[in-house]
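Chemist: Could you put together the complete structure from these sequences and hints?
Taken in order, these protein sequences are the chains called A and B.
When the count follows the working numbering, it moves up by one through the first sequence with no breaks and lands on 321 for the last residue.
When the count follows the working numbering, it moves up by one through the second sequence with no breaks and lands on 1309 for the last residue.
One or more hints might be untrue.
Straight-line alpha carbon distances no greater than 27 angstroms define the calculated DSS-like cross-link-like pairs of lysine-lysine that follow [claimed, not checked]:
1. B:Lys1127 with A:Lys313
2. A:Lys133 with B:Lys1017
3. B:Lys1241 with B:Lys1151
4. A:Lys32 with B:Lys1121
5. A:Lys133 with B:Lys1035
6. B:Lys1035 with B:Lys1017
7. A:Lys32 with B:Lys1127
8. B:Lys1121 with B:Lys1211
9. A:Lys310 with B:Lys1127
10. B:Lys1127 with B:Lys1211
Calculated Cβ distances over 10 angstroms to all of chain B for the following chain A residues [said to hold, decoys possible]:
11. Phe66
12. Pro115
13. Gly234
14. Gly266
15. Ala307
Covered stretches of chain A, as calculated for chain B (at least 3 residues, CB under 8 angstroms) [said to hold, decoys possible]:
16. 120-129
17. 152-163
18. 213-223
19. 246-259
20. 293-306
Think of the hints as simulated: they come from the structure by calculation, not from any bench.
Backbone N, C-alpha and C define an ideal beta-carbon position, used for all residues, glycine too.
Okay, here's what each chain looks like letter by letter:
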Amino acid sequence: MSTQTEAGPRVPAQRDAGAPAPIKQRKVSLRKRIWRERWAYTFIVPGALFFLVFAYVPMAGNVVAFQDFSAFRGFAGSPWVGFQNFEAIFYDPEVLTALRNTLIIAFLQLIFAFPAPIALALLLDSLMSLRVKRWVQTVVYLPHFLSWVIVISVWQQVLGGGGLISNLVGGFDLMSNADTFKLLVVAQGVWKDVGWGTIIFFAAIAGIPSDRYEAAAIDGAGAWQRMRHITLPGLIPVATLLLILNLGSILTVGFEQLLLQQPMVGADAAQVLDTFVYFRGVLGGEWGIATAAGLLKGIIGTVLVLAANKFAKRLGGEGIF
Amino acid sequence: MATALSGFDRRDALRRKAGLPPWMNAAPAWVRAIKAIVIILITVTMLYPLVYVIAMSFASPAQARAGVFFPTEYSLDAYRAIFNGGTVTQGLQNSLWVTVVGTTLSLVFTSMLAWGLSRTKEVPGSKAILIMVLATMFFSAGIIPNFLLIKTVGLLDSLWALIIPGLISAFNMIVIRNFFMNLPSELIEAARIDGAGEWRIFLQIVLPLSKPVLAVMGLFYAVGYWNTYFNALLYINDAEKWPIQVVLQQYVLAGVNIPGAVVTEGAPPPPGVTLQMAVIVLATLPILIVYPFVQRHFTKGVLTGAIKG
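Modeler: See the structure below:
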């Protein structure tokens, strides 16, 4: 940074290069362009290194999936076992349970949690008083900023054994009921993120030209019809986009949320793929199998996003990339 | 103007008060009643659990043991006991350190990268790096490779393990970059022609103009660092270094007794439930304090602008 004054002399040179004709700039050699922008690279390099080391290097760590890995022997010393770990996954009953739980929760989320913010956004949009609208927004955004530990602790104090409801109605304990657990997970998700989810739909609603509403009103459309035929169609592109993204993360369902509650309801109800990877790998020391499961999950997720994106484009909608 | 308001006129007045166009009349009374009930239900569902927990953390021991809908007698015993104990205080300190240091570093590195990648046309190679960064939003290496990396670089049991792996969020970087790219270019071009270097432009022009977006992103990072739970579970074994979220999980969800949480000799300790409530409140408090600021910036549309762009 102390050398920043040295950048001074480059200015006349740049002016000379730019002065004769703007077209000439294109012919500047790559090396010169790089040299001219050398200071820009001081901004890029630290961040690029960060992503290289903490996002791309771990990708290489997935080789563990093809090894009989042990922390003692390390990457180099662990023997290679080919696809043995992947084979083991398919014969592991726990994986099947985890997969089933993951898919059920993802499905329930799709049915209940996905439309919830749309409904809430429509409701809030239909309010006339801006003050009420702002106030409700303030309230419903709040839980998004609380950690899962806090959310579950709070729910435990209200719905758990010894909590508020159980004080009023003896013996009530929703938090450790394995039968209703999956619905509970979805309810917690809605409670935490329904408000946050409306933001993107509000942005979409704000983007709908108001003269459409006016024209519809003049043609005699009531508030309900305007919502049904103008607002709702206006939200479809965003909703499709979110659906694509959701599909990509269909195998990722509330990791911290489930990890925290598993002791209360047991692994049969609360084991999902991510918690399986954690328990088997980090706690159980079966690095190879756990990594293989995680890798498989990641690959399926990526494929799903790409496929859904292509599908959305084929239907004439916009993809995400 | 009509002075005696019929039903229709009153609805008309309502609309005018809200500054809405003439065709947008208020809904009939029964629709508004249903909406009001739904909205009240939603806000109560969102707020009551939080209010209840805060209130119960101050409840008197007798009422806490009996379990009430809302306490009427109050006591500070739970907080006194917790601050005597040390474990929770230590957790709060750890979280505070991680939040302050982490947020500062994240903002520095995120905004640097955002500025470096804001002129992809001029800077050779920066487009490729931008794509490399964006791609990380769509995949992650998975739990175990990340764990092995942290282990290999020797960050296990260090609070730095809670900061470094999440130093730059690609999403936040894009939001800041969008903001930078929408800054008045004449100002920056003028400075460049006057011979100001990249760093000088960044520090003296770009950053001061970007305070709103930096504030919002800073708050996002801060909330993220404060809420760190799983990384701490994964990377930190030493109970002395646990952030508050892990402490909370241990004492509230896992039901471990808080060590040293005794008020004074002779007096009975406060009931476990108020202690738990108080820990929840302490872990939530910083979020509740910064929340109004985050909320205010939403209304400025910084985020919605970013999402649309």
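Chemist: Does each hint fit the structure? Answer for all of them.
Modeler: To see whether the hints hold, each was checked on the structure:
no.: 1; hint: B:Lys1127 with A:Lys313; in the structure: 25 angstroms, holds
no.: 2; hint: A:Lys133 with B:Lys1017; in the structure: 15 angstroms, holds
no.: 3; hint: B:Lys1241 with B:Lys1151; in the structure: 16 angstroms, holds
no.: 4; hint: A:Lys32 with B:Lys1121; in the structure: 15 angstroms, holds
no.: 5; hint: A:Lys133 with B:Lys1035; in the structure: 12 angstroms, holds
no.: 6; hint: B:Lys1035 with B:Lys1017; in the structure: 19 angstroms, holds
no.: 7; hint: A:Lys32 with B:Lys1127; in the structure: 18 angstroms, holds
no.: 8; hint: B:Lys1121 with B:Lys1211; in the structure: 25 angstroms, holds
no.: 9; hint: A:Lys310 with B:Lys1127; in the structure: 24 angstroms, holds
no.: 10; hint: B:Lys1127 with B:Lys1211; in the structure: 26 angstroms, holds
no.: 11; hint: Phe66; in the structure: 13 angstroms, holds
no.: 12; hint: Pro115; in the structure: 15 angstroms, holds
no.: 13; hint: Gly234; in the structure: 13 angstroms, holds
no.: 14; hint: Gly266; in the structure: 15 angstroms, holds
no.: 15; hint: Ala307; in the structure: 13 angstroms, holds
no.: 16; hint: 120-129; in the structure: holds (count 6)
no.: 17; hint: 152-163; in the structure: holds (count 8)
no.: 18; hint: 213-223; in the structure: holds (count 5)
no.: 19; hint: 246-259; in the structure: holds (count 4)
no.: 20; hint: 293-306; in the structure: holds (count 7)
Going down the numbered hints, you'll see the structure goes against none, and every one checks out.
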